[in-house]
Amino acid sequence: GQQLNQSPQSMFIQEGEDVSMNCTSSSIFNTWLWYKQDPGEGPVLLIALYKAGELTSNGRLTAQFGITRKDSFLNISASIPSDVGIYFCAGANNNDMRFGAGTRLTVKP
Amino acid sequence: NAGVTQTPKFQVLKTGQSMTLQCAQDMNHEYMSWYRQDPGMGLRLIHYSVGAGITDQGEVPNGYNVSRSTTEDFPLRLLSAAPSQTSVYFCASSPHLGTQYFGPGTRLLVL
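Residue numbers (my numbering), protein chains in the order written: chain A, 1 to 109; chain B, 1 to 111.
Just so you know, the hints here were simulated from the structure itself, not pulled from any lab data.
Keep in mind that the hints are not guaranteed to be accurate.
Stretch by stretch, here's where chain A covers chain B in the computed footprint (C-beta under 8 angstroms, at least three residues) [said to hold, decoys possible]: (1) 44-52; (2) 56-69; (3) 74-85; (4) 99-109.
All C-beta atoms in this analysis are idealised placements derived from N, C-alpha and C, irrespective of residue type, glycine included.
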């Protein structure tokens with residue numbers, strides 16, 4: 001099946017630093033998405049990308065849909081303590097969606 | 001709107017028992033899906049439905065059944081629970097694939 005490789009697995013950063021994480025796949029996806037999950041809760045959609053090359057921002061978050069349609073990255077600028085959580089990438093084709101294993105972000109005040 | 005609701009929040013089963021995880025949404029979304037989340041593996045799609053009366057298998061469907069008799073409800077049935085089904089289960093709904101709204105999850109332990 002289609003597998004997504006998400007990196008890094010975890011990050012420990014200082015408040016105010018920028019963060020970058022990415023996701024790659026051996027298969028093409030028509031849609032790339034980024035979710036954040038807080039402990040004990042379901043994932044919440046941060047950014048959805050629908051077109052190869054698309055660059056989209058949501059506040060301090062910026063994500064891009066790779067030209068090859070096999071990768072995507074998420075950047076968080078000027079991190080704050082509430083950015084702590086697990087970030088998941090997801091690729092979608094037709095009615096199938098696959099998730100990466102997640103990047104656990106810790107922000108030190 | 002309540003969004004996506006799931007019951008129960010926690011459940012402990014013995015091997016071989018059956019149970020149904022409930023999922024309901026009040027947003028009139030056509031697309032609903034079930035995922036399981038295991039440590040280090042992200043979320044894996046179990047089954048999905050693109051509308052009432054239509055269901056299909058996802059990445060890991062074995063051991064689970066679903067039905068979609070109404071737009072609002074999408075229950076997940078475990079026919080004979082196994083320890084390998086210990087996991088956190090999330091239901092999601094969306095107007096189309098991608099912008100999914102997830103429920104709070106059901107934590108299942110199979111002994």
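Status of each hint after checking the structure:
1. 44-52: holds (count 4)
2. 56-69: Check passed, 3 qualifying residues.
3. 74-85: violated (count 0)
4. 99-109: With 7 residues close enough to chain A, the hint holds.
Comparing the model with each numbered hint stated earlier shows that hint 3 is the single one that does not hold.
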